[in-house]
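Build out the structure end to end from the sequences listed, making use of the hints.
Residues per chain, in single letters:
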Amino acid sequence: MSKFKKDSGGSAPAINTSSLPDIVFMLLFFFMVATTSKESDPSVKIIKPEGSSTTDMTPYKQKSEIDFLYLGRPLNKARAEQYAAMGMEYMLFMDNVVQSTPDLLYNSSAIQAWKLDKFESKPPRMTEPIESVITCIKADKGAPSGIIFDIRKELQAIDALTIAYAVGENGKK
Amino acid sequence: MAKRDIPEVNAGSMADIAFLLLIFFLVTTTMDKDQAYIRNIPKKIELVDDPVIVEERNIFAIQANSQNQLMVRGSLMNDPDEISERIIEFYRENEKSNNVKNDFPMYSRISMPEINALINKTTTEAEEVENTPNALPDIIDFKWRQVAEWEKKKTALEMLETDKLAEISVQAHIRIEVQKATEYELFAKIQSEVEQAISELRDDAAMKIFNESYKSIKNRLAMDKGVEDREKIQLLKILYPARIIEVTPKR
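Top line first, the protein sequences correspond to chains A and B. Each residue of the first sequence is one higher than the one before, counting from 1 in the numbering used here. Each residue of the second sequence is one higher than the one before, counting from 1001 in the numbering used here.
These aren't lab readings, by the way, just hints derived from the structure by calculation. Watch out, some of these pointers could steer you wrong.
Stated by the list, open to error - Simulated restraints on C-beta separations:
no.	chain 1	residue 1	chain 2	residue 2	range
1	B	Asn-1211	A	Thr-58	57 to 63 Å
2	B	Lys-1096	A	Ser-64	44 to 50 Å
3	B	Leu-1047	A	Thr-58	37 to 43 Å
4	B	Glu-1008	A	Ser-64	44 to 50 Å
5	A	Thr-58	B	Pro-1007	46 to 52 Å
6	A	Ala-78	B	Gln-1234	49 to 55 Å
7	A	Pro-124	B	Ile-1023	37 to 43 Å
8	B	Glu-1093	A	Val-33	47 to 53 Å
Claimed, not checked - Lysine to any residue pairs mimicking SDA-like chemistry, simulated, CA-CA at most 20 Å apart:
no.	chain 1	residue 1	chain 2	residue 2
9	B	Lys-1043	A	Gln-156
10	A	Lys-153	B	Lys-1153
11	A	Lys-115	B	Lys-1153
12	A	Lys-63	B	Asp-1224
13	B	Lys-1043	A	Ile-134
14	B	Lys-1043	A	Leu-116
15	B	Lys-1044	A	Lys-63
16	B	Lys-1153	B	Ala-1242
This structure is a prediction, so every number in the text was calculated from the model and none was measured. Each residue gets a CB set at the ideal place from its N, CA and C atoms; glycine is no exception.
Here it is, written out as structure tokens:
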């Protein structure tokens, strides 16, 4: 009677999963594009202070017009104690070199060398003019402000005149 | 030879491979944005013989000592949250009309004919300097920058559609003085309060003039560089300039 053939029992038809990889790849590409990888993993512990009305650094990161400096206590306990005994509680971390704050920072131009090295490793369109390349300082809450001004002095000497103080947006860690 | 059928490649594990990659990226992605306050370091200059004398009324000094105690314009402050209100007061007090007796910066009010006259004057001056032999390039540059400055004010006033442009004294600034041992948390808090006050002032003006928030104009400008948005931001910056001096601590 009916025009439609009734499914006469038997097993359920297999679901076609051939488009599943496509879907997953699409998700994958989304995450690959959206990801901005961290420049490096700092070996100092930083709890950011909080603040409001901040500026988002993402556009600068995408253009690589920003370098990060980290300032905090060393994660390595033994090292932290060792340096604390020498009166160096907070250490400066730039890329993969840990600089003991008072010694190397005060005596040599470690920051200048680091920053100039950064300039050379980037194409000119990212580093010109030098004044507008941002140096972002990520400092721990408890760090003394004096170090910030020491960093400023070093940067001033090489005309890297834009600085940014990193904070956590209010309410978020 | 007979044509042989190419056996079908089994793509069933393709999904697994993609999933593996996907999970790797999911785990390594950090979604937290980097938030910061951008500041400029002044250019290094030779010692100036006569430092410019700044009137007390033009300084908004925020001082913090090594015990993390705050002092704003000479009086102690216990709650750092009040700083932003005080800064807004600093900008607002003489905005409508100048009061010589109070302790806040003066406003200058300039009209369109005056701006036009100044543009003409500075342009001729700049051309004169350019035509003199042995003129220092720095001075020529400075003169032309002056012209550009007035041109900016002209566009600002055109957008405002009022007869006069009220501008805070050029000397008015916010001065942040900390000591070496002041905790970074307090330093960042001060920066946060300053930024909050400035953006609140600009936001108010943006709402009044353009009927949209300062932040949305700024975000739009970051996306594409439209001339109109740039002029809007320029106007807001002329109305409420953020002149921040961070004093290098001596002790």
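Results for each hint:
1. B:Asn-1211 <-> A:Thr-58: 57 to 63 Å: Given range 57 to 63 Å: violated, Cβ gap about 27 Å.
2. B:Lys-1096 <-> A:Ser-64: 44 to 50 Å: Between Lys-1096 of chain B and Ser-64 of chain A, where Cβ atoms are some 46 Å apart, the hint holds.
3. B:Leu-1047 <-> A:Thr-58: 37 to 43 Å: 40 Å, holds
4. B:Glu-1008 <-> A:Ser-64: 44 to 50 Å: Once the Cβ atoms are compared, 46 Å apart, the range 44 to 50 Å for Ser-64 of chain A and Glu-1008 of chain B holds.
5. A:Thr-58 <-> B:Pro-1007: 46 to 52 Å: 49 Å, holds
6. A:Ala-78 <-> B:Gln-1234: 49 to 55 Å: 54 Å, holds
7. A:Pro-124 <-> B:Ile-1023: 37 to 43 Å: With a Cβ separation near 39 Å, Pro-124 of chain A and Ile-1023 of chain B satisfy 37 to 43 Å, so the hint holds.
8. B:Glu-1093 <-> A:Val-33: 47 to 53 Å: 50 Å, holds
9. B:Lys-1043 <-> A:Gln-156: 7 Å, holds
10. A:Lys-153 <-> B:Lys-1153: 33 Å, violated
11. A:Lys-115 <-> B:Lys-1153: 37 Å, violated
12. A:Lys-63 <-> B:Asp-1224: Cα-Cα ~14 Å, so holds.
13. B:Lys-1043 <-> A:Ile-134: 15 Å, holds
14. B:Lys-1043 <-> A:Leu-116: 17 Å, holds
15. B:Lys-1044 <-> A:Lys-63: Violated - the C-alpha atoms of Lys-63 of chain A and Lys-1044 of chain B are around 27 Å apart, more than 20 Å.
16. B:Lys-1153 <-> B:Ala-1242: The given pair, whose Cα atoms are some 16 Å apart, holds under the 20 Å limit.
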